[in-house]
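Visitor: Listed below, chain by chain, are the residues.
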Amino acid sequence: MGLDHLGELAKEQVQALADRANALRVGAAPQRCPGKALGLFFLNPSLRTSASFQRAAARLDLELVQLRGDGVWGLEHRDGVVMDGTTAEHLREAAPVLGRYVDVLAVRAFPGAGSFEDNRIDPIMSGFHRWAGVPVINMESARWHPCQALADWATLDQHQVPKPAKFVLSWAWHPKPLPHAVPNSTACMAAQRGMEVVLLCPPGLELHPEVITEAQALAAQSDGSFRVSHDREEALDGAAVVYAKSWGSIQHWGELETETSFRAELRDWCVTPSWLGKQTRFFHCLPVRRNVVVTDAVLDGPQSCVIDQAEHRLHAQTALLESLLS
Amino acid sequence: MGLDHLGELAKEQVQALADRANALRVGAAPQRCPGKALGLFFLNPSLRTSASFQRAAARLDLELVQLRGDGVWGLEHRDGVVMDGTTAEHLREAAPVLGRYVDVLAVRAFPGAGSFEDNRIDPIMSGFHRWAGVPVINMESARWHPCQALADWATLDQHQVPKPAKFVLSWAWHPKPLPHAVPNSTACMAAQRGMEVVLLCPPGLELHPEVITEAQALAAQSDGSFRVSHDREEALDGAAVVYAKSWGSIQHWGELETETSFRAELRDWCVTPSWLGKQTRFFHCLPVRRNVVVTDAVLDGPQSCVIDQAEHRLHAQTALLESLLS
Amino acid sequence: MGLDHLGELAKEQVQALADRANALRVGAAPQRCPGKALGLFFLNPSLRTSASFQRAAARLDLELVQLRGDGVWGLEHRDGVVMDGTTAEHLREAAPVLGRYVDVLAVRAFPGAGSFEDNRIDPIMSGFHRWAGVPVINMESARWHPCQALADWATLDQHQVPKPAKFVLSWAWHPKPLPHAVPNSTACMAAQRGMEVVLLCPPGLELHPEVITEAQALAAQSDGSFRVSHDREEALDGAAVVYAKSWGSIQHWGELETETSFRAELRDWCVTPSWLGKQTRFFHCLPVRRNVVVTDAVLDGPQSCVIDQAEHRLHAQTALLESLLS
Numbered sequence: 016m017g018l019d020h021l022g023e024l025a026k027e028q029v030q031a032l033a034d035r036a037n038a039l040r041v042g043a044a045p046q047r048c049p050g051k052a053l054g055l056f057f058l059n060p061s062l063r064t065s066a067s068f069q070r071a072a073a074r075l076d077l078e079l080v081q082l083r084g085d086g087v088w089g090l091e092h093r094d095g096v097v098m099d100g101t102t103a104e105h106l107r108e109a110a111p112v113l114g115r116y117v118d119v120l121a122v123r124a125f126p127g128a129g130s131f132e133d134n135r136i137d138p139i140m141s142g143f144h145r146w147a148g149v150p151v152i153n154m155e156s157a158r159w160h161p162c163q164a165l166a167d168w169a170t171l172d173q174h175q176v177p178k179p180a181k182f183v184l185s186w187a188w189h190p191k192p193l194p195h196a197v198p199n200s201t202a203c204m205a206a207q208r209g210m211e212v213v214l215l216c217p218p219g220l221e222l223h224p225e226v227i228t229e230a231q232a233l234a235a236q237s238d239g240s241f242r243v244s245h246d247r248e249e250a251l252d253g254a255a256v257v258y259a260k261s262w263g264s265i266q267h268w269g270e271l272e273t274e275t276s277f278r279a280e281l282r283d284w285c286v287t288p289s290w291l292g293k294q295t296r297f298f299h300c301l302p303v304r305r306n307v308v309v310t311d312a313v314l315d316g317p318q319s320c321v322i323d324q325a326e327h328r329l330h331a332q333t334a335l336l337e338s339l340l341s
Numbered sequence: 016m017g018l019d020h021l022g023e024l025a026k027e028q029v030q031a032l033a034d035r036a037n038a039l040r041v042g043a044a045p046q047r048c049p050g051k052a053l054g055l056f057f058l059n060p061s062l063r064t065s066a067s068f069q070r071a072a073a074r075l076d077l078e079l080v081q082l083r084g085d086g087v088w089g090l091e092h093r094d095g096v097v098m099d100g101t102t103a104e105h106l107r108e109a110a111p112v113l114g115r116y117v118d119v120l121a122v123r124a125f126p127g128a129g130s131f132e133d134n135r136i137d138p139i140m141s142g143f144h145r146w147a148g149v150p151v152i153n154m155e156s157a158r159w160h161p162c163q164a165l166a167d168w169a170t171l172d173q174h175q176v177p178k179p180a181k182f183v184l185s186w187a188w189h190p191k192p193l194p195h196a197v198p199n200s201t202a203c204m205a206a207q208r209g210m211e212v213v214l215l216c217p218p219g220l221e222l223h224p225e226v227i228t229e230a231q232a233l234a235a236q237s238d239g240s241f242r243v244s245h246d247r248e249e250a251l252d253g254a255a256v257v258y259a260k261s262w263g264s265i266q267h268w269g270e271l272e273t274e275t276s277f278r279a280e281l282r283d284w285c286v287t288p289s290w291l292g293k294q295t296r297f298f299h300c301l302p303v304r305r306n307v308v309v310t311d312a313v314l315d316g317p318q319s320c321v322i323d324q325a326e327h328r329l330h331a332q333t334a335l336l337e338s339l340l341s
Numbered sequence: 016m017g018l019d020h021l022g023e024l025a026k027e028q029v030q031a032l033a034d035r036a037n038a039l040r041v042g043a044a045p046q047r048c049p050g051k052a053l054g055l056f057f058l059n060p061s062l063r064t065s066a067s068f069q070r071a072a073a074r075l076d077l078e079l080v081q082l083r084g085d086g087v088w089g090l091e092h093r094d095g096v097v098m099d100g101t102t103a104e105h106l107r108e109a110a111p112v113l114g115r116y117v118d119v120l121a122v123r124a125f126p127g128a129g130s131f132e133d134n135r136i137d138p139i140m141s142g143f144h145r146w147a148g149v150p151v152i153n154m155e156s157a158r159w160h161p162c163q164a165l166a167d168w169a170t171l172d173q174h175q176v177p178k179p180a181k182f183v184l185s186w187a188w189h190p191k192p193l194p195h196a197v198p199n200s201t202a203c204m205a206a207q208r209g210m211e212v213v214l215l216c217p218p219g220l221e222l223h224p225e226v227i228t229e230a231q232a233l234a235a236q237s238d239g240s241f242r243v244s245h246d247r248e249e250a251l252d253g254a255a256v257v258y259a260k261s262w263g264s265i266q267h268w269g270e271l272e273t274e275t276s277f278r279a280e281l282r283d284w285c286v287t288p289s290w291l292g293k294q295t296r297f298f299h300c301l302p303v304r305r306n307v308v309v310t311d312a313v314l315d316g317p318q319s320c321v322i323d324q325a326e327h328r329l330h331a332q333t334a335l336l337e338s339l340l341s
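Residue numbers (the numbering used here), protein chains in the order written: chain Z, 16 to 341; chain E, 16 to 341; chain A, 16 to 341.
Because the hints were derived from the structure by calculation, they are not lab data. Keep in mind it's a predicted model, so treat the numbers as computed, not measured. Check each hint, because a few of them may be wrong.
Note that the list lumps identical chains together, so a pair holds whenever it fits in one copy or between two copies.
[Said to hold, decoys possible] Derived pair list, reagent style SDA-like, types lysine to any residue, alpha-carbon separation capped at 20 angstroms:
1. Lys-51 with Asp-76
2. Lys-51 with Arg-40
3. Lys-51 with Ala-73
4. Lys-293 with Thr-310
5. Lys-191 with Ala-103
6. Lys-191 with Gly-100
7. Lys-178 with Ser-319
8. Lys-191 with Thr-101
9. Lys-51 with Ala-38
10. Lys-26 with Ser-237
11. Lys-51 with Val-41
12. Lys-191 with Thr-102
13. Lys-178 with Cys-285
14. Lys-51 with Leu-79
15. Lys-191 with Asp-99
16. Lys-191 with Arg-135
17. Lys-191 with Val-97
All chains should be built: construct the whole structure from the sequences, respecting the hints.
Guide: Laid out in structure tokens, this is it:
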């Protein structure tokens, strides 16, 4: 068990978790689980995820074990490797050992060096799921960020965004090519929620075909839809939500110079007030680069939901931990 | 609310907190605040502050959320900036998000690169106070270190140092130019406590005029006094307390070579037993460089109060948190 | 009090702790110590030790204060030193200050730069024991790793390894010369448990004579024995346990090139299934380099006890803290 990708759960299960998150937000008492322990293992930096999981654990009276990757040995994941290089510990020991100390283990592991394909199989996260012996929660891997997706679903509900409504996930310019975990999870979440999802991006910046197939399948089960558009005007017209996010192109993955010149012409992919209708909500997972991904006027205006999204990390994760531990 | 500078509080409020710190020191039970949460956000290293706040939170049954700056994204504070450089998150998001997770937020943010003036406005700490949406405690910024000052006040009381007594805050030599937060807060604390405060330093190492004006105003309200002296013998004569501390010169700020040669002749500014009368107490905020700022004989002798000062960080912060949360 | 080296305790005391660890492992309730605090101070990285101590503290309802060395100032330990170099804080302040905040202090301090002799006196750990003013637990120093040794003793009991049985502590090849804390503690633990201990290593890789003398003395008190062997076949014959570990040679200490060429011919010191009899148990303290120190076939086979050893860190440390605090 545990949670790697929100799409593993049935729509009704996700809705129940989102409902519980909103109940916790307005004051429901968490179901305390004394004597149980949660491990948080961050192989990469974190602000929101770390803070919100710490508070969620405390609200549930969980015992907490925290580790940071830079405080531990380099982790190896390959089968059969002769470890005479830089890695000093194999996941086949690290995961089951941590599993002996806690009841649930949450892990953050961004993409490593290597090709897009190498990272698409998510070797670190997969290894934890396979070897930990306890439920593992993905706190953002190379592929998925299910806790963000669950918090976003709950935030859509909080702001009473209807299910049959247009949800535009738009690429935005950023100085660096970023991982795909958030856009992958966002696309699938909105599709599973039954929305009319439009992935808006310049040509060459589509998500991986496997993710698009997954989002379309989830949409089909929920009376939603999923399509790709390169036409900004058409895509934004009538949008209930514009969810901005930057990510790197798959074809230039790992080639920083090519990627940089490829995106040099795309700096106008920055969300301004003109992108939004009067009722459109603006979403972003944070951290966000102001006046690069989105302008101050949007972020500081009344249509921005970004702080509510971040707050819902706490409530969504509290609900998730409750469901895994009770 | 919260606490940025001890001088924000009336003398009677500070005295009440110091009294409470001493009561906690000798065994009073802390007023527990179950269900409330404290966030500790360290943008710079810490030993005493981190340890004492962790214990204070535990004694009060507070839920604790801890973050370290090197585990998060570079923080931006400038208004209207186009974030296409190295900073990846703006305080306008980071502060309110953390404020959604906790009831009180404590922050450490030392001076950054840039001029003395750039740092004097304390942009990071000011941003947290402005945008967090919850009380913010300054755990040492470019300008102030109010928790140290409160602990020192309580330590003066513990050692029964009279209020109308001579308090000498002396500059000491150190290989590096250090920030002004501790001497600023120490000068104002002793003045507000109603002492005869002498700032003893070589010419060119005075504190900022704004701080001197503030210390004189606080002294005037408390029947104390504040003056600057460059005459070591005169200043030390009759001192009840010698509080040693090093700091950098304002006029050479950011110019390491000039500063180093400026202070090359000042290595005899090291506190030895000859600086102290028989009843003089020695204070320092720690960490201290032995036999550079002060000799072993002073630190290891019976007139040193430095370990008591450090212990009072725990009690003073427990008292402060109680007052903010109850 | 506290614990620096398991051999400080009488055999009966160690056995009582190991018995308690096994009772906790199968479900005995920990004796909670509300209101008491444990400090964890890591001057070096940790996975198992940090995670298991965090959980042990939570199981005992201890208040927890955690510090990492890279989050604090460089620590000085030399007497009388003029601190005008890189170290900014002396143990003579750091240790007693932390001792004012907690009831028990646990410290990890690996060997520093310098000669084997410089490290053999364990200056950082010794300083904490001397100046903290509260019991100090060694979480691995240059010389000893008593919590690992206690966990290993409990794991031997868990697997019903008889006391009069052959225990082979074998050196293994590794790309780097590693510290001696684990083999020192392992040799002494098995000797004190009353086993027939054989230290198996290539010539020139013996442990320090002082440790060998200590292990022989402990063995003599427990009807065990301790000897060194360079003959792999003879040593492994009839072994109940093979405990593999790599360490650096004393004579080449600090000379990386000489050490590397010295051990270049020793890569066949890698434990394979052929090293083990049908009943032999395989032990290693982790982290372990797969197919360098030991092959996958051994680690993943039924004779490996390494995950149980790691689990016992939690139970052994819980038992130790109970005994120190109650």
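Visitor: Determine for every hint whether it applies to the structure shown.
Guide: Results of checking the hints against the structure:
Taking the closest pair of Cα atoms, Lys-51 and Asp-76 come within 20 angstroms of each other both inside a single copy (8 angstroms) and across two copies (13 angstroms). Proximity of Lys-51 to Arg-40 under the C-alpha cut-off of 20 angstroms is restricted to the inter-copy arrangement: shortest distance 15 angstroms between copies versus 23 angstroms within a copy. Within a single copy, Lys-51 and Ala-73 get their C-alpha atoms as close as 11 angstroms, and across copies as close as 10 angstroms, so both meet the 20 angstroms cut-off. Proximity of Lys-293 to Thr-310 under the C-alpha cut-off of 20 angstroms is restricted to the intra-copy arrangement: shortest distance 17 angstroms within a copy versus 65 angstroms between copies.
Within a single copy, Lys-191 and Ala-103 get their C-alpha atoms only as close as 30 angstroms, which misses the 20 angstroms cut-off; across copies the closest is 11 angstroms, which meets it. In this homomeric assembly, Lys-191 and Gly-100 come within 20 angstroms of each other (Cα to Cα) only across copies, at 10 angstroms, whereas the closest approach inside a single copy is 29 angstroms. Taking identical chains as interchangeable, the C-alpha atoms of Lys-178 and Ser-319 lie at most 20 angstroms apart only when both belong to the same chain, with a minimum of 19 angstroms there against 54 angstroms between chains. For the identical chains of this complex, Lys-191 and Thr-101 are inter-copy neighbours only, at 10 angstroms across copies versus 27 angstroms inside a copy, given an alpha-carbon limit of 20 angstroms.
For the homomeric pair Lys-51 and Ala-38, the shortest alpha-carbon distance between copies (19 angstroms) is at most 20 angstroms, but the shortest distance inside one copy (23 angstroms) is not. In this assembly of identical chains, Lys-26 and Ser-237 lie within 20 angstroms of each other by CA distance solely inside one copy; the values are 8 angstroms within and 64 angstroms between copies. Proximity of Lys-51 to Val-41 under the C-alpha cut-off of 20 angstroms is restricted to the inter-copy arrangement: shortest distance 16 angstroms between copies versus 25 angstroms within a copy. When the C-alpha separation of Lys-191 and Thr-102 is checked against a cutoff of 20 angstroms, the pair qualifies only between copies, where the shortest distance is 12 angstroms, while the shortest distance within a copy is 27 angstroms.
Taking the shortest Cα distances, Lys-178 and Cys-285 never come within 20 angstroms of each other, neither inside one copy (26 angstroms) nor across copies (60 angstroms). For the homomeric pair Lys-51 and Leu-79, the shortest alpha-carbon distances inside one copy (9 angstroms) and between copies (17 angstroms) are both at most 20 angstroms. In this homomeric assembly, Lys-191 and Asp-99 come within 20 angstroms of each other (Cα to Cα) only across copies, at 9 angstroms, whereas the closest approach inside a single copy is 33 angstroms. In this homomeric assembly, Lys-191 and Arg-135 come within 20 angstroms of each other (Cα to Cα) only inside a single copy, at 19 angstroms, whereas the closest approach across copies is 33 angstroms.
Within a single copy, Lys-191 and Val-97 get their C-alpha atoms only as close as 34 angstroms, which misses the 20 angstroms cut-off; across copies the closest is 15 angstroms, which meets it.
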